[in-house]
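K.L.:
Sequence:
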Amino acid sequence: VFYVIRGIAEATVHETEFVVTTGGRFLVPRGNQYGIVNLSDKNPCQLFFVQVRSADSNL
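Residue numbers for the sequence shown follow my numbering, beginning at 3 and rising by one.
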């Protein structure tokens, strides 16, 4: 899961492109390729990323 803390970016998940802005979020399903491009030439886009996994019952 990606969350946009600040800025604007173009994201591509598999073959789907979309724009995400501050407060937006998107999920990359397991096994999919993805890309993220900052759309501002002046300000960095800040993202938060977390990898979601199922619990391992052997722990």
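I should point out that these hints are in silico values taken from the structure, not numbers from a laboratory.
Incorrect hints may have been included.
[To be verified] Just the calculated beta-carbon pair ranges, DEER-fashion:
1) Asp58 with Arg8: 32 to 40 Å
2) Asp43 with Glu19: 32 to 40 Å
3) Ser56 with Ile10: 29 to 37 Å
4) Glu17 with Ala57: 26 to 34 Å
Glycine included, each C-beta is placed from N, C-alpha and C at the ideal position.
K.L.:
If you test the structure against every hint from before, which numbers come out violated?
P.N.:
2
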